[in-house]
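Enquirer: Start from the sequences and build out the full structure, keeping to the hints where you can.
Number of protein chains: 2
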Amino acid sequence: MARPIEFFFDFSSPYGYIASHLIDDVAARHDREVEWKPFLLGAVFKIAGTKPLIEVPLKGDYSRKDFSRSARMYNIPFAMPAKFPIATVATARAFYWLAAQDAALARRFARAAYAAYFVQGRDVGDVELVLALGENLGVGRDNLATGLQEPTVKEKLKTVTDEAINERGVFGSPFIFVDGEGFWGSDRLPMIERWIETGGW
Amino acid sequence: MARPIEFFFDFSSPYGYIASHLIDDVAARHDREVEWKPFLLGAVFKIAGTKPLIEVPLKGDYSRKDFSRSARMYNIPFAMPAKFPIATVATARAFYWLAAQDAALARRFARAAYAAYFVQGRDVGDVELVLALGENLGVGRDNLATGLQEPTVKEKLKTVTDEAINERGVFGSPFIFVDGEGFWGSDRLPMIERWIETGGW
Numbered sequence: 021m022a023r024p025i026e027f028f029f030d031f032s033s034p035y036g037y038i039a040s041h042l043i044d045d046v047a048a049r050h051d052r053e054v055e056w057k058p059f060l061l062g063a064v065f066k067i068a069g070t071k072p073l074i075e076v077p078l079k080g081d082y083s084r085k086d087f088s089r090s091a092r093m094y095n096i097p098f099a100m101p102a103k104f105p106i107a108t109v110a111t112a113r114a115f116y117w118l119a120a121q122d123a124a125l126a127r128r129f130a131r132a133a134y135a136a137y138f139v140q141g142r143d144v145g146d147v148e149l150v151l152a153l154g155e156n157l158g159v160g161r162d163n164l165a166t167g168l169q170e171p172t173v174k175e176k177l178k179t180v181t182d183e184a185i186n187e188r189g190v191f192g193s194p195f196i197f198v199d200g201e202g203f204w205g206s207d208r209l210p211m212i213e214r215w216i217e218t219g220g221w
Numbered sequence: 021m022a023r024p025i026e027f028f029f030d031f032s033s034p035y036g037y038i039a040s041h042l043i044d045d046v047a048a049r050h051d052r053e054v055e056w057k058p059f060l061l062g063a064v065f066k067i068a069g070t071k072p073l074i075e076v077p078l079k080g081d082y083s084r085k086d087f088s089r090s091a092r093m094y095n096i097p098f099a100m101p102a103k104f105p106i107a108t109v110a111t112a113r114a115f116y117w118l119a120a121q122d123a124a125l126a127r128r129f130a131r132a133a134y135a136a137y138f139v140q141g142r143d144v145g146d147v148e149l150v151l152a153l154g155e156n157l158g159v160g161r162d163n164l165a166t167g168l169q170e171p172t173v174k175e176k177l178k179t180v181t182d183e184a185i186n187e188r189g190v191f192g193s194p195f196i197f198v199d200g201e202g203f204w205g206s207d208r209l210p211m212i213e214r215w216i217e218t219g220g221w
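First to last, the sequence lines map onto chains A and B. Under the numbering used here, read the first sequence as residues 21 to 221, first letter to last. Under the numbering used here, read the second sequence as residues 21 to 221, first letter to last.
All the pointers check out, no bait thrown in.
Identical copies go unnamed one by one, so any copy, or any two together, can satisfy a pair.
Below 27 Å or equal to it, Euclidean Cα-Cα: the simulated DSS-like pairs (lysine-lysine) are: (1) K176 x K66; (2) K66 x K85; (3) K71 x K174; (4) K178 x K103; (5) K66 x K174; (6) K178 x K66; (7) K85 x K71.
If you are wondering where the hints come from, they were derived from the structure by calculation, not from laboratory data. Everything numeric in this text was worked out from a predicted model, so none of it was measured.
Expert: Structure follows, in structure tokens:
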């Protein structure tokens, strides 16, 4: 079995959301698994001295337009949230707490979280919403609340984020690795498929 | 006849260079013309407070790698110039002076200029090289040298650059418009083709 595709994303990232709708199908077409790895993009902005796209003069208007245009191209429901971007620490911690028990469950949570934010416009960084999303998936509210405070969970998110930025050169979301080769952006999925098919060039 | 595709690019832009190899074929497949519109990306950096990609922490290494990876995907010859980026005022002025007389000649000049920079690594912003490239295309050296100083030529480049940034929302190179819809980046060419084929979505 070939190595899993690594899918780094932030829960506040529109292009991450778009990729979340597509990446598993891309992988399945080529007999690959996907390792979902939420991280905190805010840490990148601090290091790189960059800002969220929509706050950059000139780029902002284009980005807002391109988010929904890109989603529409794939028939993915999308509505730009009024509150953007948001801090997604709790969301990502919930993911890793769930993932430690059940990878498929964690992925269902991730999809639900992305839909809550980019379809319903709800602040998915909010702990109460995170707990409610867990409940919808049959996860005990108190269990998850306790899980969010576990040192191993906090450490896991910190480690993934540090590794992404300092060792893997991740500076945006989504950032997708195929056999170690990194690709930035949901619009690179066709290039990624070609890379998988050909073994690279 | 449908409206021409507008191709905004800077002569110092690697992705502009890649698009220059592909855009005419994309257009021809859909019975479109291309209007080549070199502009000065440096003016954007000043307004947007952004920097050339390779100077942004984290993004720099990825960009250098992605330039050549993207070129290789299309079998386009590419070597990252040692001097990068460069000021391309003279190059763009030469283009517009030629374009006022012969659009096809201006396009041949643009291709030659891009090859000189991104294949041979020569500083194509240098006036002497610009004149030499003109000479290779049968353009009298003195005529072109005089042309570069013409107020109308200077004004043309200024107007295109101002219009691109202030009226069209251009903030990178290449920036390609299809029926008024803007797309940023050579990696958007497949999306552009789909847009032309479907009339947009």
